[in-house]
Structure formats: structure tokens, C-alpha cells
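Work out the full structure: start from the sequences and follow the hints.
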Amino acid sequence: MIITVDNQAAYIYTAGHRIQHDKPTVLFIHGAANDHSVWNTQCRYFSTHGWNALAIDLPAHGKTNGVALNSISALSEWIKKCAEVLELKKLSIVGHSMGSLIGLELASKPESIVNQLVLVGTNAPMPVSDQLLETSKNKPELAYHMINQYSFSSRAKLGKNDIPGMSMQGVSIKLMQRTNPGVLHADFIACNSYVDGLSAAEKIACPTLLLLGAHDRMTPASRAKNLEDAIPNSTVKVLSGTGHALMTEQPNRITEHLKAFLMSA
Amino acid sequence: MSDHRDFKLETLGLHAGQEPDSDYGSRAQPIHFTTSYVFPDTDTAASLFNMERGGHVYSRISNPTNAVLEERISAMEGGVGGIATASGQAALHLAITTLMGQGGHIVASQSLYGGSHNLLQYTMPRFGIETTFVNFRDLDRLEAAIKPETRLIFSETLGNPGLDVLNISAVSKLAHNHSLPLMVDSTFTTPYLIEPFAHGADLIFHSATKFLGGHGVAIGGILLDSGNFNWSQSGKFPTLSEPYEGFHNMVFTEESQIAAFLLRARREGLRDFGACMSPMNAFQIMQGVETLGPRMQRHMENTRSVVNFLNDHEAVSQVIYPELPNHPDHKLAAQLLPKGCGAVFTFELKDGRAAGHKFIEKLKIFSHLANVGDAKSLVIHPASTTHFRMSDEDLLAAGISPGTVRLSIGLENIDDLLGDLKQALKSR
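One line per chain: the protein sequences are A and B, in this order. Start counting the first sequence at 1; every next residue gets the next number (this note's numbering). Start counting the second sequence at 1; every next residue gets the next number (this note's numbering).
In case anyone wonders, no lab produced these hints; they're calculated from the structure. Where a beta carbon is used, it is the ideal one built from N, C-alpha and C, also for glycine. Warning: the hint list may mix true and false statements.
[As the list claims (entries may be wrong)] Derived contacts from chain B toward chain A, CB cut-off under 8 Å, selection only:
| id | residue |
| --- | --- |
| 1 | HIS15 |
| 2 | GLU19 |
| 3 | SER22 |
| 4 | GLY25 |
| 5 | GLU71 |
| 6 | SER74 |
| 7 | GLY227 |
| 8 | ASN228 |
| 9 | ASN249 |
| 10 | ALA259 |
| 11 | ILE360 |
[Stated by the list, open to error] Taking lysine-lysine and the DSS-like style, the derived pairs with C-alpha atoms no more than 30 Å apart in a straight line are:
| id | chain 1 | residue 1 | chain 2 | residue 2 |
| --- | --- | --- | --- | --- |
| 12 | A | LYS137 | B | LYS8 |
| 13 | B | LYS173 | A | LYS63 |
| 14 | B | LYS147 | A | LYS157 |
| 15 | A | LYS63 | B | LYS147 |
[As the list claims (entries may be wrong)] To list a few chain A residues with every Cβ distance to chain B over 10 Å, as calculated:
| id | residue |
| --- | --- |
| 16 | ASP35 |
| 17 | ALA60 |
| 18 | TRP78 |
| 19 | LYS160 |
| 20 | GLN177 |
| 21 | VAL195 |
| 22 | LYS237 |
| 23 | SER264 |
Structure, rendered in C-alpha cells:
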């Protein structure tokens with residue numbers, strides 16, 4: 001579906017379903033240089049199991065127009081506006097990587113619209129190396145390849161995809177290569193400059209699940225301990241044999257964890 | 001930096017898409033000889049049917065053994081995924097019917113394998129899909145053949161029978177200027193000789209029966225997508241960008257801009273037309289794929305030796321091979337195909353049709369049959385077999401003379417191959 005936010009068209013994947021306000025809603029937020037399609041299977045599952053399941057394309061990503069927003073606060077404000085347009089007062093948020101920081105920021109606000117939070121492949125802070133920041137600005141194609149190298153576990157680099165016949169790294173690089181110029185750099189600035197994540201985490205009142213990849217080299221699981229400690233009501237699940245691209249590497253396992261967490265409330 | 005893969009072709013050919021079997025640790029890929037898969041519960045069953053989770057439902061649509069082959073060749077070609085089919089012809093048909101319906105139009109090279117030509121020239125028109133055949137060396141003619149209803153540009157990487165080398169980057173640029181995808185048949189080249197996606201092709205298919213299998217025991221095909229073509233932006237592909245009533249009004253480009261083509265091809269094409277590959281064939285073809293690199297290297301070494309031998313032989317009037325300076329695509333071949341121009345080529349005997357007959361009958365190692373791309377060396381005399389009903393005039397129009405002989409060079413010891421050719425030419 002297309003909605004209008006800040007006078008720009010924003011695309012939200014709904015797995016072919018209309019929003020019904022008597023159902024709970026889960027909003028999936030993608031990471032840097034990605035789009036809604038990274039959440040396809042999870043979104044389709046929740047949409048047939050009593051939920052409004054929405055996977056949004058952030059500004060300048062996928063099918064959403066506009067200019068990329070280069071701060072987590074601006075992105076979380078934009079998500080809040082989307083919820084207002086959709087007349088959604090409470091949401092479960094599932095965010096990956098940069099999307100997890102947006103969820104973190106949203107959930108930390110007083111009278112937050114977030115009633116459940118899942119942070120997938122996350123660290124706070126989420127620093128981006130100077131080299132990768134520079135490369136994302138001047139040589140985005142090289143940056144896409146670097147991300148594709150760092151984002152998959154060694155197991156996944158040779159494949160065996162849950163989705164028959166599809167190449168995980170192949171899909172991942174093509175998705176990034178479709179990103180508009182400047183978007184990856186703006187995304188990385190947003191991640192790198194969000195330095196108040198741990199303070200924000202202390203203010204989160206809703207139940208929070210951290211889903212981490214045991215072989216994540218972008219946001220290592222070992223560096224998420226401070227985030228786990230800071231969030232008052234948090235649970236951590238570390239997925240073995242998985243890197244940073246958790247939904248691509250282990251789509252079925254991710255869905256199982258989301259079911260267990262979101263549907264248990 | 002244009003390559004997203006951590007491993008080279010030879011390594012991918014052996015490992016991509018496969019992990020040791022989780023139950024028994026089998027190092028070789030098991031053959032999942034099953035039509036269907038037990039659902040652990042009703043919720044999982046419903047989820048699999050509705051694409052809410054990855055997995056297998058019914059082997060016409062997907063199979064674990066086939067999936068390894070699909071992922072493996074996709075990795076070797078640098079694509080986003082693939083679909084194994086019953087034959088190369090089935091792969092071509094699957095691509096066409098995924099992209100267009102009645103009223104659709106294809107611009108195809110005039111230098112095609114006879115089976116592909118038959119499908120496009122005689123069979124698809126019965127279903128309302130027409131093809132214009134042109135010489136792809138002439139880009140102006142190619143462009144002039146494009147109509148508003150054109151939905152696909154199609155050629156072989158090495159054309160039949162004259163080994164026309166496709167200028168992939170030039171033709172893909174032209175196709176993209178018209179918001180059209182370029183599909184190539186890369187059967188003769190395999191990913192060892194060229195990776196067409198890296199040069200701008202959007203779709204690839206192979207007759208896996210040939211070099212990918214290499215053993216001549218299994219028929220199969222594979223259709224691959226680069227993930228590069230923007231189906232939504234093109235506006236010419238409602239099968240991908242508009243709701244499909246046959247699958248819950250799914251809009252495939254909304255599911256994924258990258259995987260839209262393969263989603264529809266699998267969810268409609270395999271489901272409804274049913275030209276799937278048998279898992280036994282997938283396993284057999286995989287045995288060939290595992291050694292594709294070393295085999296192709298040997299194919300090329302042997303082919304170069306045979307080409308040079310024939311080119312110098314007094315009984316031979318012409319050898320048609322792009323590495324020879326007299327071939328029209330010699331320069332392009334040097335640029336695009338530095339590892340070689342395939343192991344299938346034709347040559348002309350000075351004494352015509354009768355000489356062709358005699359030559360073939362005298363060969364002892366070369367097998368006289370209608371196939372190419374086998375580990376064994378093969379020979380056929382088109383004028384007396386595949387094209388025997390044609391007059392000499394019609395043969396010439398098809399690029400075949402009465403003395404044309406086609407060879408597919410195998411992996412035998414080169415001294416034995418040259419010895420066999422020598423005695424067959426001498427005893428004419």
C-alpha cells in the first residue's frame with residue numbers, strides 16, 4: 001500500500017492484506033540499503049495469523065520516494081508519522097540493524113507507540129568504521145561488496161538457502177545495488193551518529209527481544225551485552241551458524257523466534 | 001570490484017548450495033527421490049503453501065536435490081537464483097511464458113539451435129507469440145525489429161552453426177534502451193568460458209544436458225536470473241507487476257524487485273506447465289558440474305589442437321572457429337572469450353556431401369550421433385542427418401554446405417583424437 005507522509009509517497013508491504021484496527025500490528029523495519037523484501041516470509045506469516053503485518057520502505061529506499069534521512073531520530077519521527085497516518089496507536093516493532101536503532105529510539109520515548117520490540121542484528125552504539133563510511137560515500141559499489149562479505153556467516157557464503165533455488169549473497173548484493181545514490185552513506189551516518197542508544201535503552205518499558213547472529217561481523221553478538229543489560233525487560237537469543245543477514249540466512253528460525261515472542265503476550 | 005562471491009568457479013562447482021546432510025553427514029548430495037514432504041503440523045503446511053516459510057511441498061515445484069543444483073549454478077553464473085527444468089527447451093519455454101502471453105513478440109538471433117528455432121518459428125505462434133529473426137551482428141536491424149509488443153531479446157552466446165559471438169554488452173544496452181531484457185542461451189560457453197550476467201545479460205538458460213552434465217546420461221535445463229532487470233520500471237511485464245489471480249493476487253514485484261521473475265516462473269510456470277527436472281537427473285548433472293572447470297579446460301586444449309590440425313589439412317577447405325583470424329567475430333571473441341570459444345564447431349570438406357559421408361564412417365573414436373558437449377568426442381554430418389531433407393541451396397542459406405561436418409571435441413587423449421581424424425581424412 002502507498003501512504004503519504006511529509007508530502008511524499010511511502011510504500012508499505014502488507015502481504016496483500018488490508019489493515020484492520022481490531023488486530024494487533026507488527027511493523028518490520030529494514031536496515032541500511034535494504035527494503036521491505038528482507039521481511040517477506042515473516043510478514044506473510046503474521047498476516048495470516050491474526051496480525052496486521054507491515055514491512056515499510058524507509059525514505060528513499062525500495063518503493064518509497066524522498067530523500068534519505070541521516071539520523072535515527074528523524075527516521076523514528078518519520079515512522080511515528082506513518083503510524084499516525086495509518087491510525088495505529090500501538091505497534092510491535094521488529095527492526096534489523098539500522099532498523100533496530102529506529103525501534104530502540106521509538107520505544108524509548110515517553111508514551112511510546114511501541115508495545116513490543118525485537119532488535120535483530122543489533123549493537124548500541126553501532127559505529128561504522130571510517131573506512132566503510134568513506135567508501136559508502138565515494139565508492140558505494142565497493143561498500144556494497146564489503147557489506148555482503150561481512151554480513152554472511154562462512155556457512156552461508158556457500159549457500160543452502162531455506163528458499164529453494166535462490167542465492168543468498170546474490171539477492172543481497174542486487175538489493176543493495178538498486179539503492180539510490182547517497183542512500184547507503186546517509187544510512188551509515190545515521191547509525192554512526194546515534195550515540196545515545198544505551199541511554200535510550202534504559203528508558204524502554206516494553207518487553208524486548210534481541211535476536212543475534214553468533215557469527216555476525218557487522219554487529220557482533222558479543223558487543224550486544226551492554227544493550228541487553230540496559231534494557232529493563234530484555235531477552236536474548238543468539239542464533240548459531242548465522243551472520244548479520246539473519247532473515248536471509250535463517251528465515252524460518254527468525255519466524256519461529258518472532259512467533260514465540262510476539263504471540264506469547 | 002564486480003564480484004560478490006567469496007569463491008571461484010571450481011570451488012563453487014563442488015560446494016555451492018550444499019551442506020553435509022544433517023541426518024547422516026553424507027558428503028555427496030543425497031538424491032531426494034520423493035514426490036512430496038510430510039508436514040509436521042497444519043500450520044507449517046499452510047505456511048509453506050502461502051510462501052510464509054522456505055521449504056518444499058511437492059517436487060514439481062521444488063525439490064531439495066534440485067535446489068542444490070539451482071543454487072550452485074546460480075552462484076557459478078553470479079545470479080540471484082535459478083530453476084532446474086526438464087530440458088533446455090523447457091527452460092526456454094518457461095522464460096517465454098513467464099514474460100508474455102498471447103500478442104507477445106520476441107526478437108531472436110537468426111543463428112539459433114534448431115530446437116529453439118522450431119519452438120519460436122512454428123510452435124509459439126500457435127499460442128499467439130511471434131518471433132522476428134535477425135542477424136545480431138547488425139544492431140540497426142535488431143533495433144528495427146523491436147515492436148511495441150516485444151518482450152524479449154534472445155540469442156545464444158555462440159550462435160549455431162557458425163559460432164557467431166554475441167556482443168552481449170552492446171545488445172543488452174540496446175535492449176535496455178527499449179526497456180527489454182536480454183536472455184542468452186549459454187549452453188556452448190558455460191560459466192567457465194563466460195559469465196553473461198557480468199556483461200549485461202538479464203536471463204540465462206542452459207541445456208544442462210551438454211557441458212554442465214558432460215556425461216551424456218541426463219537431459220535437463222536451467223533458467224537463471226541476474227536480478228538486474230527492473231520489471232516494474234519497464235512497464236511491459238504485467239505478469240510480474242500486476243496482481244496474479246492464480247496466486248492470491250500476488251504482485252511479484254512487490255514481493256521482491258530482485259526475485260519477481262523467478263517467483264512467477266516457479267509459482268506459475270513449474271506449477272502449471274510442470275516441466276520440472278527429475279531429482280535423479282539433478283544429481284547426475286551435479287556430478288558433471290562438480291568437475292566443470294577442469295573438464296572445460298581440457299575441452300579447450302583438445303579443441304584448439306583439433307582446430308589447428310584441421311585448419312592445416314589439405315582435404316579441408318575451411319574451419320569455422322572464432323579463434324581463427326578469418327572468423328568474422330575473431331576480435332570480439334578474443335575480448336569476450338579468452339579461455340576459448342567452446343568445443344563445438346564445424347569445418348568444410350573440399351569434396352562435398354559424399355566426402356562427408358565417407359569421413360564420418362571411417363572415424364573410430366568419434367561417435368556419430370545427434371548431441372554435443374559430451375566427455376566423448378562426437379561427430380555429425382548435418383547435410384545427411386539433421387538437415388537431410390534440405391536442398392544444397394537451402395543448406396547454404398542455413399550456413400551449412402554439403403561438405404560441412406560438425407564436431408564436438410571431448411576429453412580423450414589428443415594424440416588419439418588427431419590420429420583418428422588423420423586416418424579418416426586420409427582414407428577418403
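To see whether the hints hold, each was checked on the structure:
no. : hint                : in the structure
1   : HIS15               : 5 Å, holds
2   : GLU19               : 5 Å, holds
3   : SER22               : 10 Å, violated
4   : GLY25               : 14 Å, violated
5   : GLU71               : 5 Å, holds
6   : SER74               : 5 Å, holds
7   : GLY227              : 4 Å, holds
8   : ASN228              : 7 Å, holds
9   : ASN249              : 6 Å, holds
10  : ALA259              : 6 Å, holds
11  : ILE360              : 41 Å, violated
12  : A/LYS137 x B/LYS8   : 29 Å, holds
13  : B/LYS173 x A/LYS63  : 25 Å, holds
14  : B/LYS147 x A/LYS157 : 42 Å, violated
15  : A/LYS63 x B/LYS147  : 29 Å, holds
16  : ASP35               : 8 Å, violated
17  : ALA60               : 15 Å, holds
18  : TRP78               : 21 Å, holds
19  : LYS160              : 5 Å, violated
20  : GLN177              : 8 Å, violated
21  : VAL195              : 31 Å, holds
22  : LYS237              : 18 Å, holds
23  : SER264              : 16 Å, holds
Hint compliance for this structure: hints 3, 4, 11, 14, 16, 19 and 20 are broken, all remaining hints hold.
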